[in-house]
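Read off the chains here:
There are 2 protein chains.
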Amino acid sequence: MKIALAQLNYHIGNFDSNTAKIIDTLNTARQNGADLVVFAELCISGYPARDFLEFREFIGLCEQSAQKIAAACTDVACIIGIPTPNKKKSKGGKDLHNSAYFIADGEVKYVVNKALLPNYDVFDEYRYFEPETEFTCVDYKGHRIALTICEDLWNTIENPLYISRPMDVLIEQKPDVMINIAASPFAYNHDEERIAILSDNAKRYNLPLFYVNQVGAQTEIIFDGGSLVFDNKGEMVDEMPYFKEVLNYYNLNDDAIITPEQPVTLMRQRQTDIEQIHQGLLLGIRDYFYKSGFKQAILGLSGGIDSAVVCALAAEALGAQNVMAVLLPSKYSTGHSITDAEDLVRNLGCKSELVEIKSITDAFETALQPQFEGLPFNIAEENLQARSRAVVLMAMCNKFGYILLNTSNKSEAAVGYGTLYGDMCGGISVLGDVYKTQVYQLANYINRNGEIIPQNSIVKPPSAELRPDQKDSDSLPDYDTLDTILMEYVENRLSSAEIIALGYDEATVRRVLKLVNTAEHKRYQTPPILRVSPKAFGMGRRMPIVGKYLS
Amino acid sequence: MKIALAQLNYHIGNFDSNTAKIIDTLNTARQNGADLVVFAELCISGYPARDFLEFREFIGLCEQSAQKIAAACTDVACIIGIPTPNKKKSKGGKDLHNSAYFIADGEVKYVVNKALLPNYDVFDEYRYFEPETEFTCVDYKGHRIALTICEDLWNTIENPLYISRPMDVLIEQKPDVMINIAASPFAYNHDEERIAILSDNAKRYNLPLFYVNQVGAQTEIIFDGGSLVFDNKGEMVDEMPYFKEVLNYYNLNDDAIITPEQPVTLMRQRQTDIEQIHQGLLLGIRDYFYKSGFKQAILGLSGGIDSAVVCALAAEALGAQNVMAVLLPSKYSTGHSITDAEDLVRNLGCKSELVEIKSITDAFETALQPQFEGLPFNIAEENLQARSRAVVLMAMCNKFGYILLNTSNKSEAAVGYGTLYGDMCGGISVLGDVYKTQVYQLANYINRNGEIIPQNSIVKPPSAELRPDQKDSDSLPDYDTLDTILMEYVENRLSSAEIIALGYDEATVRRVLKLVNTAEHKRYQTPPILRVSPKAFGMGRRMPIVGKYLS
Chain D
1 MKIALAQLNY
11 HIGNFDSNTA
21 KIIDTLNTAR
31 QNGADLVVFA
41 ELCISGYPAR
51 DFLEFREFIG
61 LCEQSAQKIA
71 AACTDVACII
81 GIPTPNKKKS
91 KGGKDLHNSA
101 YFIADGEVKY
111 VVNKALLPNY
121 DVFDEYRYFE
131 PETEFTCVDY
141 KGHRIALTIC
151 EDLWNTIENP
161 LYISRPMDVL
171 IEQKPDVMIN
181 IAASPFAYNH
191 DEERIAILSD
201 NAKRYNLPLF
211 YVNQVGAQTE
221 IIFDGGSLVF
231 DNKGEMVDEM
241 PYFKEVLNYY
251 NLNDDAIITP
261 EQPVTLMRQR
271 QTDIEQIHQG
281 LLLGIRDYFY
291 KSGFKQAILG
301 LSGGIDSAVV
311 CALAAEALGA
321 QNVMAVLLPS
331 KYSTGHSITD
341 AEDLVRNLGC
351 KSELVEIKSI
361 TDAFETALQP
371 QFEGLPFNIA
381 EENLQARSRA
391 VVLMAMCNKF
401 GYILLNTSNK
411 SEAAVGYGTL
421 YGDMCGGISV
431 LGDVYKTQVY
441 QLANYINRNG
451 EIIPQNSIVK
461 PPSAELRPDQ
471 KDSDSLPDYD
481 TLDTILMEYV
491 ENRLSSAEII
501 ALGYDEATVR
511 RVLKLVNTAE
521 HKRYQTPPIL
531 RVSPKAFGMG
541 RRMPIVGKYL
551 S
Chain W
552 MKIALAQLNY
562 HIGNFDSNTA
572 KIIDTLNTAR
582 QNGADLVVFA
592 ELCISGYPAR
602 DFLEFREFIG
612 LCEQSAQKIA
622 AACTDVACII
632 GIPTPNKKKS
642 KGGKDLHNSA
652 YFIADGEVKY
662 VVNKALLPNY
672 DVFDEYRYFE
682 PETEFTCVDY
692 KGHRIALTIC
702 EDLWNTIENP
712 LYISRPMDVL
722 IEQKPDVMIN
732 IAASPFAYNH
742 DEERIAILSD
752 NAKRYNLPLF
762 YVNQVGAQTE
772 IIFDGGSLVF
782 DNKGEMVDEM
792 PYFKEVLNYY
802 NLNDDAIITP
812 EQPVTLMRQR
822 QTDIEQIHQG
832 LLLGIRDYFY
842 KSGFKQAILG
852 LSGGIDSAVV
862 CALAAEALGA
872 QNVMAVLLPS
882 KYSTGHSITD
892 AEDLVRNLGC
902 KSELVEIKSI
912 TDAFETALQP
922 QFEGLPFNIA
932 EENLQARSRA
942 VVLMAMCNKF
952 GYILLNTSNK
962 SEAAVGYGTL
972 YGDMCGGISV
982 LGDVYKTQVY
992 QLANYINRNG
1002 EIIPQNSIVK
1012 PPSAELRPDQ
1022 KDSDSLPDYD
1032 TLDTILMEYV
1042 ENRLSSAEII
1052 ALGYDEATVR
1062 RVLKLVNTAE
1072 HKRYQTPPIL
1082 RVSPKAFGMG
1092 RRMPIVGKYL
1102 S
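Same order as they appear, the protein sequences are chains D and W.
Mapping the first sequence onto the numbering used here, position 432 (from 1) lands on 432, and the numbers just tick up by one.
Each number in the numbering used here comes from the position in the second sequence (counting from 1) with 551 added on.
Incorrect hints may have been included.
What the hints assert, rightly or not - Capping the alpha-carbon separation at 30 Å, the derived lysine-lysine pairs in DSBU-like fashion look like this:
hint, chain 1, residue 1, chain 2, residue 2
1, W, Lys1011, D, Lys514
2, W, Lys1099, D, Lys295
3, D, Lys358, W, Lys1073
4, D, Lys548, W, Lys882
5, W, Lys1086, D, Lys88
6, W, Lys1011, W, Lys882
7, D, Lys88, W, Lys639
8, W, Lys1099, D, Lys522
9, D, Lys89, W, Lys640
10, D, Lys514, W, Lys1073
Claimed, not checked - Computed footprint of chain W on chain D; a stretch qualifies when at least three of its residues, placed anywhere within it, have a C-beta under 8 Å from a C-beta of chain W:
hint, segment
11, 198–205
12, 451–457
Stated by the list, open to error - Taking CB as the label site, the calculated pair distances span:
hint, chain 1, residue 1, chain 2, residue 2, range
13, W, Pro921, D, Glu491, 51 to 57 Å
14, D, Thr133, W, Asp719, 15 to 21 Å
15, W, Lys902, D, Gly319, 49 to 55 Å
16, W, Pro792, D, Ala20, 57 to 63 Å
17, W, Leu926, D, Pro468, 33 to 39 Å
18, D, Gly374, W, Glu826, 34 to 40 Å
19, D, Asp505, W, Lys902, 42 to 48 Å
To be clear, the hints were calculated from the coordinates, so they are not data collected in a lab.
Backbone N, C-alpha and C fix where the C-beta goes; we use that ideal spot for every residue, glycine too.
Use the sequences and the hints to build the structure in full.
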């Protein structure tokens, strides 16, 4: 049996595009002699379709797409992922299942429903889907396939998040191969975990395993592909490329031996975290613009490292000609801010404009003079600068159809070191899941073949430049310390006592954790953040705003 | 057995305050001869504690609070709600249970875990909690109590969201009374549904039922109290007050006869939707400020109805002396805008300031002149006005410690008729779940005893006044039509075809639904919205941003 693994980029709710892509791939695979083409979890609707799943019409359109695909599915079989109505709804439970259709001879031969529904971090599957409790293998061309959906293989011995394991039931039916369709999002450490867990499954059940993941970004969630093939010893037969669409072919014989049709690179060098983050962010930016129908990005370029890195990433993702960098100096901007920004614009070849904001902040201060009379300069005047910049950038968006890129990093977003409705604005946050120390690594990586980001933007002490001689280090611990404390709190959910026990200064730890919690109201109103870590701010981290714990 | 029902207002993560309040109530009830005091679901932590529940320290602090309460719980028993570790975690499942402790003689005698975990709309319980599958009654003072938690009684015959029903197991153990502890949020139509479902339970199981709800707001979610007592025929014995803290006493004899100790008002006149919304919003505003430690609100007063209603509500909730109304006329503001706003300020007795924004928008237009040269006035200049106002208001927040109240209504929020980082700013949105037609009703209700909101603000055609002679009706259908279409789409999740079939103009319906979907990116960045309907924007409605369906 020749199996084609289709690692494709879908678009949520874009039935025409998703269906056409699936049918095209089916036709290509048939021409290449494939017996079975495997598509990813929920490829029909895109993932996550969220509350669109609550619309009966949306579910109906999914089924219509499936029927179109079925009609095109002759002389070849396919597996697609689709939300389907729960047929036992009258006995209780959610309205839907997260399903796989096994289609052959122009019709749906088997419907397999997902049993283990992730409902943590960015996942909300139990919001929509009823878990399946009965399992049957798929028989096709002399093979018996144990077909499961993503998390169904993830109930590990070490961290059993569920009380059942579908493969423990399916294995009793003596399948000779496992196929798993997935929508498994990217995080810089997730590929290794994924490989380990899938390999364990292949070994435990003594079966070859074909695993197809989605690729492409859906707003903040990035799917990295990296579909996998294992033999029945758990040895990796192939690891498909990351961050791009691929259609690969594998022959499976009756002795469970797998022969790839294209060259494979086994045991390749793992990419570094930063290499992965770089590719993930490029895909995230590209798909955000492409899928929302926009082409042109705008951002404020301060001369600092964050906006420089965002500008370089945007230029690489969208083309320099589609990036507008706006220099917005105030009276507190230092001379090198301008020259560093200008150097970057020259290195990238992107568009730029310079808009002085002094006359604007002066106008605000004059208008507010009766109210502010006699009161000292404080955060009100600091934020006026950041907010004036945002208004200028948004005016250019409204005039020319740009999308504003947010340039805040994860360290700032964590401690609330940013101005709401000021530098926290944007359509999408590029670095909101990248700690400041990682931003430096990313800058150096971007410069790996020669200086793109000016060295001065990398080496100068970070500053918001909202008052004279301001430095980030005036009010924050050094970023090495800050980022480690944040990692222990945000990613690892340690308490202040536990972090202090790791050797950090008590006052610093308490202050940082309090800053994180009191900034919830700011983060609530910030743009979606491209997720590259196992715990990003946004949908994956849901905190009370008016709460007392640690604030 | 004398049962005290404690309908109290908790604060998420404020262990000191919640624990002290519970112990004080326990002492009062003991002095009044109560045998058992019933507190609400998750009263120890507050509800919803969201991802605080993922911190081991947080769960430990919950248990410490429970131990303090247990130590104070002598010569009286109590039921409290608390998150507890899942003791069968090694066999799989979530880390926690949503539990009730039955405490007597200074110790925890029974632990009851919730089985039916709401995971729809604003609820995320399966994110944290493992559902219970085994059930045991509580024996106390000759009574056998079927103790359940909120949703455990909500698996109705008509809409069975779950595949099991805990009471069907418990009833086999021959209990003589049901107690249900809840955290059931307010929506203007939810009280009647709650009464019907609980009455059905009492009747079906032929048992008296004591039901204790939380009261008080936690950011956007408002708990309305309205705790209930039913006899074993399903007849209501008492309906406790809405939107306030109450401690009531009931004697239950061996024949299941319930005697309230305080006067009850049976079959009282139901409140209208608008009366309920009015009280809910007052509580929502009050608790948002009180629980976040702020006293003073600020808002932009346009002379229109939305900001007038928000101003009146804020003055009633916080005291007029704690409300600052800022008039921010531009060159497109009409004369009556100022006088209507001034009339309202006078009627309420709140503080006010006037800040002209013309010099500010002029400064922006001058600074952007090189970029905008030769291009016609459009939405860029319109939004400059809204954003300049927001910057002024936020500067006053930063200078004086105000919280900005957002004044957008649900109709505007739905169709994206508002300026991101402009009039869509604020710490909390007061009317974001109140349709424009309901805002008019609310205004008339506020004026029920005499004019507070100037009649002119109510009767004049709505306008954003961002260009000459602008009217909402230039770009939107009339609000009666718009709100009905929105209700069918947002609340009832009908498709465009289904709404058109109700008799609405096809082009209008398609346009409105497209506006709703393309405004997702704006709503993502708006403040939390006080939830008063069964489907509010925010946590309870989760939509893809970059999706294609209907956009």
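Structure-based check of each hint:
Between Lys1011 (chain W) and Lys514 (chain D) the alpha-carbon distance is near 47 Å, which puts this suggested pair outside the 30 Å criterion. Taking the CA atoms of Lys1099 (chain W) and Lys295 (chain D), the gap is about 17 Å. The hint holds against a cut of 30 Å. With a C-alpha separation of about 29 Å, the suggested pairing of Lys358 (chain D) with Lys1073 (chain W) holds against the 30 Å cut-off. Between Lys548 (chain D) and Lys882 (chain W), the direct Cα distance comes to roughly 44 Å. Violation of the 30 Å bound is thereby established for this hinted pair.
A threshold of 30 Å between alpha carbons decides the hint, and for Lys1086 (chain W) with Lys88 (chain D) the separation of about 26 Å falls inside it, so the pair holds. The suggested pairing of Lys1011 (chain W) with Lys882 (chain W) holds, with an alpha-carbon distance near 19 Å, which does not exceed 30 Å. Of the supplied pair hints, the one linking Lys88 (chain D) and Lys639 (chain W) holds, its CA atoms being roughly 29 Å apart against a limit of 30 Å. Taking the CA atoms of Lys1099 (chain W) and Lys522 (chain D), the gap is near 28 Å; set against the 30 Å cutoff, the hint holds.
For a cut-off of 30 Å, the pair hint linking Lys89 (chain D) to Lys640 (chain W) stands: about 29 Å separates their Cα positions. Under the criterion of a C-alpha separation no larger than 30 Å, the hint pairing Lys514 (chain D) with Lys1073 (chain W) is consistent with the structure, at around 29 Å. With 0 residues having a Cβ less than 8 Å from any Cβ of chain W, the segment 198–205 of chain D misses the three-residue criterion, and the hint is violated. Counting residues of the segment 451–457 of chain D whose C-beta lies closer than 8 Å to any C-beta of chain W gives 0; at least three are required, and the coverage claim is violated.
With their beta carbons about 45 Å apart, Pro921 (chain W) and Glu491 (chain D) fall outside the hinted range of 51 to 57 Å. Separated by about 19 Å at the C-beta atoms, Thr133 (chain D) and Asp719 (chain W) satisfy the suggested range of 15 to 21 Å. At roughly 52 Å, the beta-carbon separation of Lys902 (chain W) and Gly319 (chain D) lies within the given 49 to 55 Å, and the hint holds. Range check, Pro792 (chain W) to Ala20 (chain D): Cβ separation about 59 Å, and the 57 to 63 Å hint holds.
The hinted range of 33 to 39 Å is satisfied by Leu926 (chain W) and Pro468 (chain D), whose Cβ atoms lie roughly 37 Å apart. Between Gly374 (chain D) and Glu826 (chain W), the C-beta spacing of about 46 Å breaks the proposed range 34 to 40 Å. Checking the proposed 42 to 48 Å range against Asp505 (chain D) and Lys902 (chain W) shows it holds: the Cβ atoms sit about 43 Å from each other.
Hints 1, 4, 11, 12, 13 and 18 from the earlier list are contradicted by this structure; the remaining hints agree with it.
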